[in-house]
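Work the whole structure out from these sequences, hints included.
Protein chains in written order, with this note's numbering: chain A, 1 to 393; chain B, 1001 to 1388.
Because the hints were derived from the structure by calculation, they are not lab data. No residue lacks a Cβ here, since even glycine has one placed at the ideal position from N, Cα and C. Heads up, some of the hints might be wrong.
[To be verified] Interface residues of chain A toward chain B, partial, derived using beta-carbon atoms under 10 Å:
{"hint": "1", "residue": "N128"}
{"hint": "2", "residue": "A170"}
{"hint": "3", "residue": "G176"}
{"hint": "4", "residue": "H181"}
{"hint": "5", "residue": "I203"}
{"hint": "6", "residue": "N269"}
{"hint": "7", "residue": "D271"}
{"hint": "8", "residue": "S308"}
{"hint": "9", "residue": "P339"}
{"hint": "10", "residue": "Y359"}
What follows is each chain in one-letter form.
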Amino acid sequence: MSEPIMIGMARMHAEFGERRDFLPPFVARLIRRGAKVILEHGYGSGMGFTEEDYRSIAPDVQFASHEEVYKQDYVLVLRCPTEGELRQLKPDATLISMLHLPTRPQRVELLRSLGVEGISLDSLKDDNGRRLVENLKSVAWNGLEVGFQVLRRTYPAPGMEGKERDPIHATVLGVGAVGVHAVQASSRYGDLQLWQFMAKRGIPGVQVTAVDYDVVNNEKTMHEILSRTDILVDATQRPDSSKVVIPNEWIGWMPEHAVLVDLSVDPYNFDIDPPEVKGIEGIPQGNLDQYVFAPNDPAYDRLPAQVSRKNRRHAVSCYSWPGIHPKECMELYGNQLRPMLRMLIEKGGTKNIKPKGYYFERAIARAMLSRWKGSESSEFVKTEKRPEKRNEE
Amino acid sequence: MNPPKTIGFPRMRQEPGEKRVFLPEFIQTIASLGVKVYVEEGYGSRSGYTFADYKRAHPNIYMCSREQAFQKDVVVILRSPKTDEFQLVKRSSTLISMLHYPTRPQRIERLKNLGINSISLDSIADDNSLRMVENMKAVAWNGLEAAFDWLERDWAGLVRPNKKPINVLVLGTGMVGKHAIEAATKLGNVERNNDHIASNGPGAVALSIGRNIASNPATMKSLMAQADILVDATQRRDASKPVVPNHWIGWLPKHAVVVDLAVDPYTLDADPPVVRGIEGIPQGSLNQYVFSANDSKWDQLVPEAIPSKHRRTTVTCYSWPGVHPEACMTHYAQQLEPFMEVLFEKGYDGLSPEGTYFERALYRATLKAWLDEEAVITTPIVNTSGTD
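Here it is, written out as structure tokens:
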């Protein structure tokens, strides 16, 4: 039998609001399956877990420094580490993380130059190209939950809880993987409890208008739709991220109380040619530290000078919507990842993973950096999809 | 019990329009697991397949009679066998089919009495109770495709006379409703939508509403008056009451098409009776799923006691995925493949709720798990859309 694999699990030292780490039951399962696990000191503390919480169900778990964790054979961390952290990995180590290989060629190059193997969580796919580790549902639900919380404050008399009000009008732009969740989340106020509360009291619900990218280009139709929209959701996947979906001028057509919900991840980037802009023109890009922006928020002043921002409404935007509810998010990721890590442990590591092996073995093989050929049309993926760049981690 | 060594594939003997069979690729894959595969004579013939297409010189693939196909260690048939066919399955064999345990208590009794170890495809669920063998996307897309096909007969290129986008009103915001929204905004067919975009067509706008809006007559009157397509993707809590009473149908424009994605039949002799979500529409099948407002079959298919005065063209099918049989069966085969690996490795009796990911999911779908009170808790919510 092969040696147990050593997995270091590092904390994410991104923005202050990033509280996510894998939960104690997940760690316990890895150990029960035969792995040795070393957690970074303070692991889980963002969600209130102590080292004792992990030890109580996984007595063999060890704790070590950030540096020590990065020296292990396998390093598991949800969001991709910084360049400095990547350079701490030892040659032949395997990094398991959201590596976004299709859109991060420099990262691919760096990892290869360091002799590091990678398993990209966002590239773990089944035989049909369907992602096995993803949380697009939370992107939609968390964004809408916050959006409706804001709308509750801005909605004019008789208020969102007024029985005499009209149905709320939500408009979802883009009906793809996130958009379909956004339609469902919108129809339920992004919050099942609030939805039940409203329904029980006979308060009119939400009418959700869904339009795909082609209709969004029709100014006349969009004027009609936007002028009655209370909550506007950008769930588009633009083929060309240098073009806005909703020009800033169109925001002026919307009611003053309207809320803009940004579910995309595109930042403003004028350092590249063509420049990259957000789908809804003139809204700030949020993160886990701040994701609600009132029209007078100073964040508008920090937008690049080229961006029109004259017309403003309350906006909610976050680079990482699933991180709003860290425990739920990590429970889901843990459940999705479990069978693949079990396979990795049972096989004794990446060197024994066969691209034509078991179902989950095949999925791991597709996600390995050493097998990455620079596009999704690798020999292991039957369905070619365009690279995703989606708010999802 | 040892792992099974033989597997039989009987044909489905439902309506002539039912053309679905597992495709040769799947049969070859199963044979490569080291088991002997028996396909009923004529399997796939409605779709133009011969036994040679299945055999492809594989030594483990055989042709047999219907009775013999039912006599193997494992029997796979997508739609449930008819009542009298269950006795063809030998005791302790494993029957894999859409058995719908939650809504078919008599079928469960029969399986128990005959000693059949069944695995219900619609009960295979992951650790989060999500179904793993399902084709709800096809339910929505095939239904919407049929509706847009009908509209296109009058509106070439799906451009309405006033050049505005087509309005689709979707009732129900569950799993099928979500797919219906996507299908509606893409004209029920991706290729058609691409052509439509290329020719600067006005597209379609989908409006999704839930129960609390659908129950308000004043709002519904205004929404239905603007709808070109009305979609029922609801999951009713009380199947004895329609979501759309028949007289509301009169609010729809004359050209409007009603899309029925639910599967509840009219069962007026049940207590309480079961009625269709949209009152007064027929229930279609793979033989006929488009009914114009003046179709003569309307009166035969809708019980006399049900109001049906107001009529619009309706597309309805008990089994929407079967409209595109090959795509459907390719989809199911891909979903089923990992489970077959587990079944032939462990056997029915070897399946454990503590096993691997696919083993746990398969275990949840066994009759023994269904009969076990604990397992009932993890069973997914009943979905009565036309999913098989």
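The hints, checked one at a time:
Because the smallest distance between the Cβ of N128(A) and any Cβ of chain B comes to about 6 Å, under 10 Å, the interface hint for this residue holds. Nearest Cβ of chain B to the Cβ of A170(A): about 9 Å, under the 10 Å cut. The hint holds. For G176(A), the interface hint holds, since its Cβ comes within 10 Å of a Cβ in chain B; the closest pair sits about 8 Å apart. Hint on H181(A) holds. Least Cβ distance to chain B is approximately 7 Å, under the 10 Å limit.
Proximity of I203(A) to chain B holds as hinted, the smallest CB-CB distance being about 8 Å (cut-off 10 Å). Nearest Cβ of chain B to the Cβ of N269(A): about 27 Å, over the 10 Å cut. The hint is violated. A cut of 10 Å between beta carbons decides the hint on D271(A): the least distance to chain B is about 32 Å, and the hint is violated. A cut of 10 Å between beta carbons decides the hint on S308(A): the least distance to chain B is about 26 Å, and the hint is violated.
This hint holds: P339(A) has a C-beta 4 Å from the nearest C-beta of chain B, less than the 10 Å allowed. For the restraint placing Y359(A) at the interface with chain B, the shortest Cβ-Cβ distance is roughly 4 Å, inside the 10 Å limit, so the hint holds.
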